[in-house]
Amino acid sequence: MKAFKSLLVTALLAAAGSSLAQGGTLTVATAQDPQSWDPIDTFLVAWGTVAHNLYDGLIIRTPDLKLQPGLATKWTSLNGNKTLRFTLRQGVKFHNGEPFNAGAVKFTFDRLLGPEGKKGPQQANYNSIKQVKVVGPYTVDFILSQADPVLLTKLAGYGAMIVPPRYIKEKGDAYFNSHPVGTGPFSFVSYKNGESIKLQAFKGYWGGAPKLAGVTYRFIEEPATRVAELQAGRVDIAAAIPVAQAATVKGNPNLTLQAVPSPTVQALRLNVSHGPTSDLRVRQALNHAVDRDAIIKSILQGYASPIASMQSSKSFGYDPNLKAYPYDPAKAKQLLQAAGVKPGTTVGIDFIGTDAVFREVAQAVAGYFQVLGLKPELKTYETNTFYSDIIPKNKTTNAYQMGWGGWTFDFDNTAYLLYRSGQFWNPDYKSKELDALLDKQHNLSDQKQRLTILRQIAKYTRDQAIDIPLYNQQDLWGVSKRVQGFRAPSDSLLRLNTVSVK
Amino acid sequence: MARYLVLQLSQALLVVVFVTLVVAVMLRFSGDPAVAQFQGASAPTAEQLREIREALGLNQPFLVQYGHFLGGLFTGNLGTSFRGDTPVGSLIRDAMPPTLLLALCSLLISVAISLPLGVYSAVHRGGWADQLIRFVSLFGLSFPNFWLGIMLVLIFGVTLRWLPASGYETPASLVLPSVTLGLILTSTTVRLLRAALLDVLGSQYVTVARSKGLSERRVLYKHALRNTAIPVVTFIGLQFGGLIGGGVIVEQVFAWPGLGSLALQAIANRDYPVLQGTVTVLAIIVVLVNLLVDLSYGLFDPRVRME
Chain H
1 MKAFKSLLVT ALLAAAGSSL AQGGTLTVAT AQDPQSWDPI DTFLVAWGTV
51 AHNLYDGLII RTPDLKLQPG LATKWTSLNG NKTLRFTLRQ GVKFHNGEPF
101 NAGAVKFTFD RLLGPEGKKG PQQANYNSIK QVKVVGPYTV DFILSQADPV
151 LLTKLAGYGA MIVPPRYIKE KGDAYFNSHP VGTGPFSFVS YKNGESIKLQ
201 AFKGYWGGAP KLAGVTYRFI EEPATRVAEL QAGRVDIAAA IPVAQAATVK
251 GNPNLTLQAV PSPTVQALRL NVSHGPTSDL RVRQALNHAV DRDAIIKSIL
301 QGYASPIASM QSSKSFGYDP NLKAYPYDPA KAKQLLQAAG VKPGTTVGID
351 FIGTDAVFRE VAQAVAGYFQ VLGLKPELKT YETNTFYSDI IPKNKTTNAY
401 QMGWGGWTFD FDNTAYLLYR SGQFWNPDYK SKELDALLDK QHNLSDQKQR
451 LTILRQIAKY TRDQAIDIPL YNQQDLWGVS KRVQGFRAPS DSLLRLNTVS
501 VK
Chain S
503 MARYLVLQLS QALLVVVFVT LVVAVMLRFS GDPAVAQFQG ASAPTAEQLR
553 EIREALGLNQ PFLVQYGHFL GGLFTGNLGT SFRGDTPVGS LIRDAMPPTL
603 LLALCSLLIS VAISLPLGVY SAVHRGGWAD QLIRFVSLFG LSFPNFWLGI
653 MLVLIFGVTL RWLPASGYET PASLVLPSVT LGLILTSTTV RLLRAALLDV
703 LGSQYVTVAR SKGLSERRVL YKHALRNTAI PVVTFIGLQF GGLIGGGVIV
753 EQVFAWPGLG SLALQAIANR DYPVLQGTVT VLAIIVVLVN LLVDLSYGLF
803 DPRVRME
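Protein chains in written order, with the working numbering: chain H, 1 to 502; chain S, 503 to 809.
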């Protein structure tokens, strides 16, 4: 019996030892199954959370949003910023053994900008690229139709991940969709729709083999279940912890809660085309009416920070000196009176009804409007209807929810699309002055000048009170204490090559 | 019998086609799938939206799109998902076993519990056990199933850690979702069975059977129960359809990769082919189960003849 026991102990130790040597596996729960692993098909944050382990871009963005060499070791601007020359990393292999070189880069962008890319939402992000030219086996030139100051950041993002030419030509796009191959630190094992994707360490990764043996991502849409699985220890990292559950995670001795500022900002945009909000004084009054700090403290439990324009402090174009309208109900009443708005005037607030947190925010804002003697009317919509029908077709009433994730962390991306006249997301605001500013910075490559103009734009939108900027959300991640070396990134692009488990 | 079947099947076909038409029309009234590709994360230009619509075949007139779908349906091709190029047929094939398994297990659980409870309750009508059973089943009926699901997750998944709280991996994963769905169904079945049995027990032929001196046991099993079968089987058949489609919320709570989750995902993405395909398959299952229920009447009551 004793012999048996010691045998068992030895066996267990051996097993433990070997699992340590292999690095162990990690389970991550995300809220959404992207359903396609092809970089050009998707715009989902959930995709980035998984796929940045499978793929590399020419450039990599670190968790604190710094750009660093990825598959390109260096890049230089030529021809007055009309050409970007990349020197590529040598000796890199795709997971299927195919070599990475200039041909692969050209293939990737030809595909993205060609007919295959038309089916997906990524193409338009890269239309400043006229052509990708192979200069040498490890040198490529991006010939640009115009200078694109945000391109480098984009190359670290979604659609620009480098894909294997031979594999895709042989197996076809449909197969590639569900059997992805890249150059990243983990390679694909299996994918089950609506359920999970399994990855394993790629020993030949150019940045050194990962410390984990493998990663499983599980798609659990229901937040309560996601948190439950984290508490039960069946999940090691859970994304998108709802604010209401933050305390549960924080209070659990086996877990930690990591809160990072996300790209997402929430605002109520004010419709200038009709109703009382067409008057600047009314828009300013509504801005003065809302106590942002109170909303952040009570509804978001502090997991957000106030904003003065549609961008976070992490965004290029942010101006620390630009202040939001201070909370001043007396001033607001004065402004309303000056604008001739009678007590009891209806002000509509439109928002997405399935967003539990914003529902509370909208109710709070309605309360503030009521204090001014206005009659707020809350109207809810389903996400897709709201974004594809109500906003772009100018069917909103007066104030409407505008949640915006500026994934490039550059105000251009946000401001141009939200305020330039004629843009899809800007159904009602038209100003020649603002258009001129937006256009000017859009094609500029001098970052100093751009910063100045972007700040002018932010100030202009604030002065015109086009919206009521509310807050910059924080992403909450629940992390088991067995996980070592994990830092939640601001852009949700998880790279788990330096993470290990106890 | 053959004539009856042909009639029923053609009716069923009509129902399925009608359901797909309603779904197709309603879908097109609610948001743009091209915009859904962006999910609010970035902004499409008009040009880009046009290209995506073209690539997805959405620029064609509605009748042409619907015609394509129907044509495909009869040749067994349900199209490809807007998300990536996955064939809808293969998505449904993968989602079908989890859903059927869940529905079947919930049904078994509910029958296993409700049959003895219902019979006992009716036979011992008015007794304390009857009162208790009626109270508990009313209580059970009043729970929304997502709430019951989350409670079970918290108790058995988080606190006791006996069972996995979600997923579709081992037989143990099946326990919590099927108990959740099964319990909801149990409450109704108990009450229905009790009422039907009481009705029969009060009828004249039971009195006659009793007066002939048959044992109470024989009266119950040989005569009464058989006659409660039709309403109960009808109810369970109807519920099975509901279980297949209505397991949506339970599938959501337990991250169960079935047809319900697939349909929800498709709605969020405005993935027309996937949603149309899923709804069609659900409709076919419900219609077939009801047909089977109809056919089963003959087994319980020889007077029912399919003419």
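Certain hints may be false.
[Said to hold, decoys possible] Which residues of chain H face chain S? A few of them, derived with a C-beta cut under 7 Å, are:
| no. | residue |
| --- | --- |
| 1 | Gln35 |
| 2 | Ser36 |
| 3 | Asn79 |
| 4 | Lys119 |
| 5 | Pro121 |
| 6 | Ile168 |
| 7 | Glu170 |
| 8 | Ala174 |
| 9 | Asn177 |
| 10 | Glu195 |
| 11 | Pro223 |
| 12 | Ala228 |
| 13 | Glu229 |
| 14 | Tyr387 |
| 15 | Asp389 |
| 16 | Phe424 |
Calculated from the structure, these hints are not laboratory results.
Small disclaimer: the values here were computed from a predicted structure and weren't measured.
C-beta atoms are modelled at their ideal positions from N, C-alpha and C, and glycine is treated no differently.
Now the hints, each set against the structure:
A hinted interface residue such as H/Gln35 counts as satisfied when its beta carbon comes closer than 7 Å to some beta carbon of chain S; here the least separation is about 4 Å, so the hint holds. Checking H/Ser36 against chain S: minimum C-beta separation of about 3 Å stays under 7 Å; hint holds. Given hint, H/Asn79 at the interface with chain S, is violated; its Cβ is 27 Å from that chain's nearest Cβ, farther than 7 Å. With its C-beta approaching chain S no nearer than about 4 Å, H/Lys119 sits inside the 7 Å limit, and its interface hint holds.
A cut of 7 Å between beta carbons decides the hint on H/Pro121: the least distance to chain S is about 4 Å, and the hint holds. Given hint, H/Ile168 at the interface with chain S, is violated; its Cβ is 12 Å from that chain's nearest Cβ, farther than 7 Å. The interface hint given for H/Glu170 is violated, since its Cβ lies 16 Å from the closest Cβ of chain S, which is over the 7 Å cut-off. Interface restraint check: H/Ala174 against chain S, minimum CB-CB distance 4 Å, threshold 7 Å, status holds.
Taking 7 Å as the C-beta cut-off, the interface hint given for H/Asn177 holds, the closest approach to chain S being about 4 Å. Annotation: H/Glu195 was flagged as interfacial toward chain S, and the flag holds, the nearest CB pair being 4 Å apart, inside 7 Å. Because the closest C-beta pair between H/Pro223 and chain S is about 10 Å apart, greater than 7 Å, the hint is violated. The interface hint given for H/Ala228 holds, since its Cβ lies 5 Å from the closest Cβ of chain S, which is under the 7 Å cut-off.
Satisfaction of the interface hint for H/Glu229 is found here, the shortest Cβ-Cβ separation to chain S being roughly 5 Å, below the 7 Å cut-off. Look at H/Tyr387: its Cβ gets to within about 5 Å of chain S, closer than 7 Å, so that hint holds up. Against a cut-off of 7 Å between C-beta atoms, the interface hint on H/Asp389 holds, since the closest Cβ of chain S lies about 6 Å away. With 7 Å as the threshold, the beta carbon of H/Phe424 comes within range of chain S, its nearest partner Cβ sitting at about 5 Å, so the hint holds.
Of the hints listed earlier, those the structure fails to meet are numbers 3, 6, 7 and 11, in rising order.
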